[in-house]
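Participant: The lines below spell out each chain.
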Amino acid sequence: MMTGRGEPTDDAAVVRRMAAGSEAALEDIYDRYASAIFAAAYRLTADRGTAEEVVQETFLALWNRAESFDAAVGSLAAWLHTIARTRAIDRLRAAGRRPSLVALSSAAGSNEDHTQTLERLVSGGAVMAGAQPPASPEAAFDSAVRHETIARALAEMPEVERTVILLAYQEELSQSEIAERLGWPLGTVKTRTRRALLRLREALGTEFGPAAGLDVIPVPAGEDR
Amino acid sequence: MSSPFPPAKIDKDTMDHDAVREQMELAAVEPHGLERLMAGDTPTAQAVAGHLAGCSACTEELARLQRSAVLVRESVRELPSPDLKARTLAAIRAEGVLRPLAAVAGASSAGSVDPGPAAATPSLIPASSPLALGRRRRLVPVLGWVATLAAAVVLSVLATSYLVGSRVDSQLASQAAAIKGLQKITTATLTVTAQPDAEHVALASTTDSEVYGGITYSPSTAELVVVANGLTPPPAGLEYRCWVEVGGARQRVGKMFFNEDLAFWVGPAPAIAGVSSGATFGVSLVDAAGSTVDTDPVLVGEL
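Just so you know, the protein sequences line up as chains A and B, in that order.
Everything in the first sequence is counted per our numbering, starting at 1 for the first residue and increasing by one.
Everything in the second sequence is counted per our numbering, starting at 226 for the first residue and increasing by one.
Keep in mind that the hints were calculated from the coordinates and are not lab data.
What you are looking at is a predicted structure, and each value in this text was computed from that prediction instead of being measured.
Incorrect hints may have been included.
Said to hold, decoys possible - Partial chain B-side listing against chain A, Cβ under 8 Å, derived: (1) Glu-250; (2) Ala-253; (3) Arg-292; (4) Ser-293; (5) Arg-298; (6) Pro-305; (7) Ser-306; (8) Ile-317; (9) Arg-477; (10) Asp-512.
To be verified - Ranges of calculated distance between the beta carbons of each label pair, as one might list FRET restraints: (11) A:Gly-96 - B:Gly-265: 37 to 45 Å; (12) B:Gly-473 - A:Arg-93: 51 to 59 Å; (13) B:Met-263 - A:Asp-31: 54 to 62 Å; (14) B:Asp-308 - A:Gly-183: 43 to 51 Å; (15) A:Val-160 - B:Glu-485: 48 to 56 Å; (16) B:Ala-461 - A:Glu-67: 42 to 50 Å; (17) A:Ala-71 - B:Arg-312: 22 to 30 Å; (18) A:Glu-180 - B:Glu-435: 43 to 51 Å; (19) A:Ala-71 - B:Gly-472: 34 to 42 Å; (20) A:Gly-49 - B:Gly-499: 52 to 60 Å; (21) A:Ser-68 - B:Leu-415: 40 to 48 Å.
Virtual Cβ for every residue (Gly too), placed ideally from N, Cα, C.
Extracted from the complex, chain A is given alone in its bound form (with noise of 0.2 Å):
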């Protein structure tokens, strides 16, 4: 099993490296696995400060206990959500809180399937809830191809555009919020947020197709009103 770049084989020796002291090699599997880590915390959790803080202490638990990674036992990714996990809910546990309830569907890592998934979880011993698959047109979706497209379409915009969409969804900022934190002029940061919605949703038009029902209805022509 595996997420992201890399062949699971490669997960070992990539350990080892790390373990005499490379840090390229951490690097690699930060970007191997950092971001199914923090998406499955920030599901458990539903808080993007926790979920940061649960990914640090896993790639520093991963850092200083290199050497009692066997990939004999057990994948590198299981490994990692099984302390991010542990990690997770010590912090939930700490807050006098419950875990969410992680549905299956939503679970799912990127080319994991069911079965894996569910491996995973039970293993670590997490709560799975009995959700219904999300309603139409959503089920249509892969939420893991979705979470990917969705990734590259960042990736991909100009950075000021994407800096005003992060600063939106991830912080929550307003328009007005977003103008007086960044210093530009309202106007600006509304035309960036436009653009920046507009390419997000090309790329799901694009990945999902028309009939998924997310592309842009043209303005009708000949109306003016």
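Mind docking chain B on chain A? Use the hints.
Facilitator: Positioned in the frame of chain A, the structure of chain B alone reads:
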């Protein structure tokens, strides 16, 4: 990209398609923005609602926008912040174990760690740290030493020039000696590093973290440069003596000279000729009149 997004014309009675869509798109990105817009409790919201009531295309666009906004928001919120990687690496640098030292110890004891090709990349441990015991770092660190020494020579020459122009005293002689020593180290370092088999090994103190150093050598030519920082000058009757230990037997190399805070030895060292992995280089404080170097090392590194 298709629309240049003309400025919205907000008039609650005559709002056109573009203006309505601008309001909807901006609301879709705001927290609960579409809900607030649809509540219709502002003049703009009322104008949008009025337009939607008679425009099926914009009503369908609103439905599509609502669907896509939910998916985009969900996906974007599950992406880690762009700076999380840098913050995570910084946290590991600050709180993580001293991995290179642990790796060297683990490799020598269990033979279970394969450094691999990436092991020579910059580690989390500062290159100058004494904790980078036995870690071989070629070219860049060596050139760093050379650059540092060259800079010191230049500064010393400038300082000496000033002194020559102003006054001649004992400080001038001291500066001249310092320059000579630094020139010797610089020249020798450049000579050794020009060899294709040149190696650099960090030396770590066994007792004092403020003391550290390094050696640069060529097994084929047996030329050796030893530099150490933080050593206190030896008491009378004692000296710092370098040695190479192979198979449990130590061979004397040379006596460390002092140049301000820098201790060094430069020259040919037959003991280092053809040396292979497994040998140890050390510096010990020994009796200046004696011939043994069997005391505990103050600096040590694995070749």
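Participant: Give a verdict on every hint.
Facilitator: Hints and how they fare:
no.: 1; hint: Glu-250; result: holds (5 Å)
no.: 2; hint: Ala-253; result: holds (7 Å)
no.: 3; hint: Arg-292; result: holds (6 Å)
no.: 4; hint: Ser-293; result: holds (4 Å)
no.: 5; hint: Arg-298; result: holds (5 Å)
no.: 6; hint: Pro-305; result: holds (4 Å)
no.: 7; hint: Ser-306; result: holds (7 Å)
no.: 8; hint: Ile-317; result: holds (5 Å)
no.: 9; hint: Arg-477; result: violated (32 Å)
no.: 10; hint: Asp-512; result: violated (38 Å)
no.: 11; hint: A:Gly-96 - B:Gly-265: 37 to 45 Å; result: holds (39 Å)
no.: 12; hint: B:Gly-473 - A:Arg-93: 51 to 59 Å; result: holds (55 Å)
no.: 13; hint: B:Met-263 - A:Asp-31: 54 to 62 Å; result: violated (41 Å)
no.: 14; hint: B:Asp-308 - A:Gly-183: 43 to 51 Å; result: violated (19 Å)
no.: 15; hint: A:Val-160 - B:Glu-485: 48 to 56 Å; result: holds (52 Å)
no.: 16; hint: B:Ala-461 - A:Glu-67: 42 to 50 Å; result: holds (48 Å)
no.: 17; hint: A:Ala-71 - B:Arg-312: 22 to 30 Å; result: holds (28 Å)
no.: 18; hint: A:Glu-180 - B:Glu-435: 43 to 51 Å; result: holds (48 Å)
no.: 19; hint: A:Ala-71 - B:Gly-472: 34 to 42 Å; result: holds (37 Å)
no.: 20; hint: A:Gly-49 - B:Gly-499: 52 to 60 Å; result: holds (58 Å)
no.: 21; hint: A:Ser-68 - B:Leu-415: 40 to 48 Å; result: holds (45 Å)
Checked against the numbered hints listed earlier, the structure breaks hints 9, 10, 13 and 14; every other hint is satisfied.
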